[in-house]
Amino acid sequence: MKKKTASKKLNDHIKVLILMMVFVLILMAVLKGPVYYSVNNFRSMIFQFPEYGVLSFGMMVCMIAGGIDLSLVGIMNLGGVVCALLIKNAGVPIPLACLASVAVGAGCGALNGLIIGSLDIPAMLVTLCGLEVYSGLALAITGGPAINGMSDSFKNIANGSIGSIPYVLFIFIGVLIVVAFIMKHTVFGHEVYFLGSNKQAARYSGINTLRTTILAHTMSGILGGISGIIITSHLNSAKSSNGSTYTLLSLLIVVLGGINPDGGGGTVAGVTFSIVLLQLIANAFTIMHAPDTLKTLVNGCLLVAALILDKVMQKRDMQKNS
Amino acid sequence: MNSKKKHAWLTSNQMILVYIIAVFSLIVGIRQPAFWDFATVLNTMRAAIFTMCFALCEMIVIISGGIDVSFPAIGCVAMYVPMYIINRVAPIDNAWFAFGLAVLIGLAFGLLNGFLVAILNLPPLIATLATSSIASGGVVTILGTREFTVLPSSLQAIYNTNLITYTSPKTGFQYVLNVLVLVPIIVCLLIAWMLKYTMLGRGLYVIGGNKTAARVAGFNVKKLQFAAYVWSGVFVGVAAMIYNILMHSATTSALMGDEMITIAACVIGGVRITGGHGGVGGVVLSVILITLVQNNLNMLGIPTSWQRFVVGIVLLLGTIITSWQTKRSMKMSQA
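The listed protein sequences correspond, in order, to chains A and B.
Following the working numbering, the numbering of the first sequence begins with 1 at its first residue and continues without gaps.
Following the working numbering, the numbering of the second sequence begins with 1 at its first residue and continues without gaps.
The set of hints was computed from the structure by calculation and includes no laboratory data.
None of these values were measured; they are calculated from a predicted model.
Some clues are possibly wrong.
The calculated lysine to aspartate or glutamate pairs, modelled on EDC-like cross-linking and capped at a C-alpha distance of 20 Å, are [said to hold, decoys possible]:
1. A:K199 / A:D120
2. B:K327 / A:D120
3. A:K15 / A:D317
4. A:K315 / A:D262
5. B:K331 / A:D120
6. B:K170 / B:D37
7. A:K239 / A:D152
8. B:K211 / A:D262
9. A:K311 / A:D12
Whenever a hint applies, use it, and build me the whole structure from the sequences.
Structure representation (structure tokens):
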């Protein structure tokens, strides 16, 4: 019975997201049809969203586990800087450098999780400090200026394409499948949901909460490392202050995607739809030549709207049930 | 019993902060004898004004069980809009106008935060993040990004009013302490009194500790939450105008990123992030510590590019020590 209402609610949420997408698409068709509906435009969209899409999945895992990861942007930049330095100065082959970036992300995430889980400090606090530590480390390694001019084959990770389909789309879909599988079909995924909905109960029912917390944050760190590779390759430059707006953006994406900010609820599908929706909107703004700051304003309003929508739907569900 | 109490006092959060401040000062002082000068006190006080003001806003909100990450954006709007009007619309050369408008803007955004958190029951972190992007996105879209570096003469007059002028006998440099340093000092005292002796202050602790219990006990939770966020908005307006006067600069992004260090200052000062606990004394000490560290790292020979990392580590350690202390004190009170 309970499962049925849960899946119904999910459908409701995704329905709203799809409706919003259709609305944006129709609006753009009326306003700027030929420019918006061109292969080039869709390609440029696909080039843009994977870097923060992957980041959002990291935020999603932590939020489902009942926490939050504000250090993701720091991890992303640290990973990117390490990767760029290894390729440029040490001449390490590209796959190995990418692996190093992912390993750095995993390490940072594990450290976050260890402090949060073992000392019971709120995740928000630890990751806020973590953001400072990791971006500070990235700044210290680079000494200030950006690292530029990596080899073309590295640049191609985020800028190259097969035919007219960019490589990054495959990376994104790969990450999506892995994350969806982990969250839905593994014991660990279910433990994360359980931990987020009721920590006390999870502990009493025999879940090793410390291990689950560390693993959840490690997973988030790994995703941060991956998106570090993508953004470094995309901009062909690594520095400690890239993508500073992505914290707010990834929070917006996961909340809009129906992840419960208190933990325990939400699905990968919702987040995916929300990533695509946000990219559609961002692209619409670019085509209309609206300033970037207007986008910030609209994103803030959307975030509030998404939260209110959730509250209203929750209330309606409760009324229906009673 | 008595010795146990004394022991608890000696290892309390405040005393640990005092020890750390003393050790840090000793280390810096040994490496750089120039540190032992009255000028250091003046420099620290001057640099601590803003962090102190922001910490006073954040502290009240955290005690009430929330969190406010929107105050840097609100502050930027509150100093940018009056300066924009003075410079480009109508040259109203009046300090009351500048401060008044800043407070009004702070009030408006504080009300918005209060509405989102208290009436709509949204999670405070996300609600204030949204307010932050609405404030900074909105003002830049409407008014654009400029930098105003020239103060009108009424504000310049405040800038020129100094409380203490001190000439260092060793170097001959002149150090001044602006009269505006009195603002955080007076507000600190007021807040300490308010938190301890008024129903409003006690109510903030109660709703931070347990909202349901507070409601049952007859506190108006919504009103108290509103009070916390409105205070944060209003006072950040004042603080931003002080920043504008002392720094001679009003931009749309000057304060962005300060929320991190402010929240950490509160937590290191013993304000529990989960609400309901903490006081002015600890926050003052932790602001002094953080300012000392920020100001004197180069005296220790740490290169500029490493400073963010070092400050981050200090914050992380401070947070860990504080929460470990909290755990211990909880155990002690149970035993």
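Here is how each hint holds up against the structure:
Between the alpha carbons of K199 (chain A) and D120 (chain A) the distance comes to roughly 11 Å, so the proposed pair stays at or under 20 Å and holds. Distance check on the hinted pair: K327 (chain B) and D120 (chain A) sit about 9 Å apart at the alpha-carbon level, within 20 Å; holds. The suggested pairing of K15 (chain A) with D317 (chain A) holds, with an alpha-carbon distance near 16 Å, which does not exceed 20 Å. About 16 Å separates the Cα atoms of K315 (chain A) and D262 (chain A), which keeps this hinted pair within 20 Å; it holds.
Under the criterion of a C-alpha separation no larger than 20 Å, the hint pairing K331 (chain B) with D120 (chain A) is consistent with the structure, at around 14 Å. Simply put, K170 (chain B) and D37 (chain B) have alpha-carbon atoms about 9 Å apart, close enough for the 20 Å limit, and the pair holds. As the CA atoms of K239 (chain A) and D152 (chain A) are separated by approximately 19 Å, the hinted pair is consistent with the 20 Å bound. Between the alpha carbons of K211 (chain B) and D262 (chain A) the distance comes to roughly 16 Å, so the proposed pair stays at or under 20 Å and holds.
Among the hinted pairs, K311 (chain A) with D12 (chain A) is consistent with the structure: their alpha-carbon atoms are about 13 Å apart, no more than 20 Å.
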